[in-house]
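Visitor: Chains as they are written, first to last, in the working numbering: chain A, 1 to 480; chain B, 1 to 480.
Keep in mind that the hints are not guaranteed to be accurate.
Any copy, or any two copies together, can satisfy a pair, since identical chains are not distinguished.
As the list claims (entries may be wrong) - The calculated lysine to any residue pairs, modelled on SDA-like cross-linking and capped at a C-alpha distance of 20 Å, are: (1) 282 to 102; (2) 103 to 304; (3) 103 to 65; (4) 103 to 245; (5) 282 to 237; (6) 103 to 295; (7) 282 to 474.
Hints are computed from structural coordinates only; laboratory data are not their basis.
There are 2 protein chains.
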Amino acid sequence: MTDGSDLLESGILLPGSAAADAFETWRTTAPAVRARLLRAIAEALEADRAAIVATADGETSLGRPRLEGELDRTAGQLRMFADIAEEGSFVEAILSTPDPQAKPIPRPDVRRMLVPLGPVAVFTPSNFPLAFGVAGGDSASALAAGCSIVVKGHPSHPATSDACARAITSAIGTTGVSRALVRDSHMQAVAFTGSLAAGRALHDVAAARPDPIPMYAEMGSVNPVFVSPAALDARADAIADGLAASITIGAGQFCTKPGLAFVPDSESGRRFARAVAERLDKWPAASMLNRSLATTLDRDLESIATLEGIERLTAAGGEAVESRRAATLVAADEETWNAARELRTEHFGPFSVIVFCDPERMMRAARLIPGSLTATVHAEPSDREWAARLTDALTTRAGRIVWNGYPTGVAVTWAMHHGGPYPASTSSLHTSVGATAIRRFLRPVAWQNTPDALLPEALRDANPLGLQRLVDGEWTRRRL
Amino acid sequence: MTDGSDLLESGILLPGSAAADAFETWRTTAPAVRARLLRAIAEALEADRAAIVATADGETSLGRPRLEGELDRTAGQLRMFADIAEEGSFVEAILSTPDPQAKPIPRPDVRRMLVPLGPVAVFTPSNFPLAFGVAGGDSASALAAGCSIVVKGHPSHPATSDACARAITSAIGTTGVSRALVRDSHMQAVAFTGSLAAGRALHDVAAARPDPIPMYAEMGSVNPVFVSPAALDARADAIADGLAASITIGAGQFCTKPGLAFVPDSESGRRFARAVAERLDKWPAASMLNRSLATTLDRDLESIATLEGIERLTAAGGEAVESRRAATLVAADEETWNAARELRTEHFGPFSVIVFCDPERMMRAARLIPGSLTATVHAEPSDREWAARLTDALTTRAGRIVWNGYPTGVAVTWAMHHGGPYPASTSSLHTSVGATAIRRFLRPVAWQNTPDALLPEALRDANPLGLQRLVDGEWTRRRL
Chain A
1 MTDGSDLLES GILLPGSAAA DAFETWRTTA PAVRARLLRA IAEALEADRA
51 AIVATADGET SLGRPRLEGE LDRTAGQLRM FADIAEEGSF VEAILSTPDP
101 QAKPIPRPDV RRMLVPLGPV AVFTPSNFPL AFGVAGGDSA SALAAGCSIV
151 VKGHPSHPAT SDACARAITS AIGTTGVSRA LVRDSHMQAV AFTGSLAAGR
201 ALHDVAAARP DPIPMYAEMG SVNPVFVSPA ALDARADAIA DGLAASITIG
251 AGQFCTKPGL AFVPDSESGR RFARAVAERL DKWPAASMLN RSLATTLDRD
301 LESIATLEGI ERLTAAGGEA VESRRAATLV AADEETWNAA RELRTEHFGP
351 FSVIVFCDPE RMMRAARLIP GSLTATVHAE PSDREWAARL TDALTTRAGR
401 IVWNGYPTGV AVTWAMHHGG PYPASTSSLH TSVGATAIRR FLRPVAWQNT
451 PDALLPEALR DANPLGLQRL VDGEWTRRRL
Chain B
1 MTDGSDLLES GILLPGSAAA DAFETWRTTA PAVRARLLRA IAEALEADRA
51 AIVATADGET SLGRPRLEGE LDRTAGQLRM FADIAEEGSF VEAILSTPDP
101 QAKPIPRPDV RRMLVPLGPV AVFTPSNFPL AFGVAGGDSA SALAAGCSIV
151 VKGHPSHPAT SDACARAITS AIGTTGVSRA LVRDSHMQAV AFTGSLAAGR
201 ALHDVAAARP DPIPMYAEMG SVNPVFVSPA ALDARADAIA DGLAASITIG
251 AGQFCTKPGL AFVPDSESGR RFARAVAERL DKWPAASMLN RSLATTLDRD
301 LESIATLEGI ERLTAAGGEA VESRRAATLV AADEETWNAA RELRTEHFGP
351 FSVIVFCDPE RMMRAARLIP GSLTATVHAE PSDREWAARL TDALTTRAGR
401 IVWNGYPTGV AVTWAMHHGG PYPASTSSLH TSVGATAIRR FLRPVAWQNT
451 PDALLPEALR DANPLGLQRL VDGEWTRRRL
């Protein structure tokens, strides 16, 4: 047992074997200790707010208001995982009482709960320097679980990472070293937020280890939006406003950016598409996170422009200066979309695709969407039956269904799920945002016929932590 | 919605795309329908009891009493997963209520639950033709989750598999076809019980897919037993009885067979080792599941015999006739054990290794154990402090801690955990036995701001299923 202060003092962000040593201490800390550390990190971030925001703004050109909000969210999710650690039911305590008369064999006393997985390698992305950064959601949920962490800061914003972390290991700054970190035999899990190419490469390294470890990569997502004829009739302008804002927020560099919108193949659908394009043309071009992302987008758009059946709806756009880019909207019919892989892939930046599609064919399109973080439906009460079928189909392809809203903006709450079938993530069973993000870093252990004093507190007869437990199939807070 | 009878009639065990079609129907069935099917399978197995047991006995030489018990267990776990489906909280319903005033952004209504993963490829082992067979625990938990299944029966007992399943696909009978099944783009998860070599090969195929899928392989395990000096003083004979029985039950072909026993490096430790050997010498040689397993064991034992520092404790053993083998016990000191990889690997069959070891060094040995399904501690109240440290260390290497007992015999209960760090399994976060086995085949989905009528029943305001739900961080069965 430690009171956590030694880890806080020395920095908890340590390479390889040091992380393994830290894990031995950290995994046995009481929930209150973990909560105290998480809240202390939140307070430290807030105390350094001015400097951290200035540094991050200098490195990322995201702007102070956005970064202020991101710092609030980062501190908020650290405090949420402090609450989760204290609430305690994340250990999923399940107890089976003994039955000496059971057939075919007597049933022993078995008590089961989750324990921390081990040192976790956390890979941070370019687009959220704070909320998914060194002290972001992956780090918060891993620390709350009782895991130690090694964080690879993103090269886009090293000074911001430095400002967030007490210690930073410059040795883990290159892709070659990233692979080495995933191969490091001490690491017991990997958390990654970033591109499909990088995430897949590290997934392959994790899977090829002599002892494969869980790799939680949150990667690309097209986040389709489906709009019904009745929704267009009722509120086309409002949807065009919301969609254009969702495409351009963060210069289109959110993992939940709507990259595809299916609208009715009708005059009102075409009018709606033009309305979205007009709004995008009025959007002032914005700097992307770095030059390399901007040139990747340029290359993607050139390739898409050569596709047959593609119509560009936005104006040619202003000159591309440095990493500043205007917004681009293209349109295609459902056949064209169906045939072109480029239109079913995430393109990072202020860009989206409108697909003109009969509402009944949207059912088929829903099943052809690659695994996605979100899927959004705009419909009216008169569409109820259609919307029910569409929503049901979308649950097989997406991790979050958004109703009459927009996918950007991921609330950090108990119920949030931020994940989805591949390529949205490498593990559709788990989330990188929300309370259940902690489950990624825990594994079950069962104790059989073990004396009460040797059991973890969560599993003792008296239920000293007052947890909600599943006892012989019944949920209860009672003692045994 | 289906009442399930069509699936029951036509057989639910279908290849590739047919399983994908079946999934579309099965995933939407009500819990009561799934429960009815699972109970119907249990009843069908019991109705055919005589024929199934006779067939399995003919193919596996496991003996009727063992197979009768296994049929009971198989029917019992089908009924347990029927109960789990009806109880309903396996969907892990979590609700976050909206807050329009939240900073930095308003908080939406988000409701999250688990949904079935998709078609599951189930690979069955040789050593449990019924309990881990076509209608075994993997099939039961996948069906309860709402997944369709394609089962590859083990070639050791095709007629038994036939007797358990309505339909069997002879096309999936070879390893090449096993790989093809794992590669099949319709499959969304793989459940496997068998050897490390085969499990690892299929894990690599699953990880290398264009869209990697979860691969749940339960593989080899050494299941170490640790015995304290005080335990030997108090009950050496009883422990020797229990250990010898646990080594030989099922001819040593249980995944939980104790393959290693750490005993004090003392005169009483050596006396205990001889006592176990005497009991093993009295054990009548038994037929292994097939000839190939017997010759693999012969080869392993020859290789171990050449190691320096190894002492054979059992007699030379009778002649090996066909697949019949006598039990073998060898001993080594801790240094020898530490240096020899062959002594840290599972060897299927009636064989175990005694390691003479100072109780304090057992702490170090505990950390060198490869990931294991179980770890067992024999200790007395006077050893409490030593046992607490040892048990804690073992939780990092094993999925189940057995106190003053024996690892064989896996109770199918709510709290059971049957899994562990690699190579015990490819996914230490999940279990193949017990209520939580269902979690392998479910993925979370969140619904945001969605009208009540379009939500799954588990997430509706009125809580019509009466589930235990986590609402804004509080466990409750109340309506919203």
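Visitor: Measure nothing new, just compare the shortest in-copy and cross-copy C-alpha distances for residue 103 and residue 245 to 20 Å and report within, between, both or neither.
Guide: between (63 Å within a copy, 19 Å between copies)
Visitor: Give the relationship of residue 282 and residue 237 under a CA distance limit of 20 Å: within one copy only, between copies only, both, or neither.
Guide: Within. Shortest intra-copy distance 15 Å satisfies the 20 Å Cα cut-off; inter-copy 86 Å does not.
Visitor: Please work out whether the CA atoms of residue 282 and residue 102 approach to 20 Å or closer within one copy, between two copies, in both situations, or in neither?
Guide: Classified as neither: same-chain Cα gap 73 Å, cross-chain 29 Å, threshold 20 Å.
Visitor: At 20 Å max between alpha carbons, let me know whether residue 103 reaches residue 295 within a copy, between copies, both or neither.
Guide: Answer is neither; intra-copy 68 Å and inter-copy 34 Å both fail.
Visitor: Given a CA cutoff of 20 Å, do residue 103 and residue 65 count as a within-copy pair, a between-copy pair, both, or neither?
Guide: between (65 Å within a copy, 13 Å between copies)
Visitor: Within a copy, between copies, both or neither: where do residue 103 and residue 304 come within 20 Å Cα-Cα?
Guide: neither (66 Å within a copy, 39 Å between copies)
Visitor: Have a look at residue 282 and residue 474 and pick one of within, between, both or neither, based on CA distance no larger than 20 Å.
Guide: Answer is neither: 58 Å inside a copy and 46 Å across each miss the 20 Å cutoff.
Of the numbered hints stated above, those contradicted by the structure are hints 1, 2, 6 and 7, listed in ascending order.
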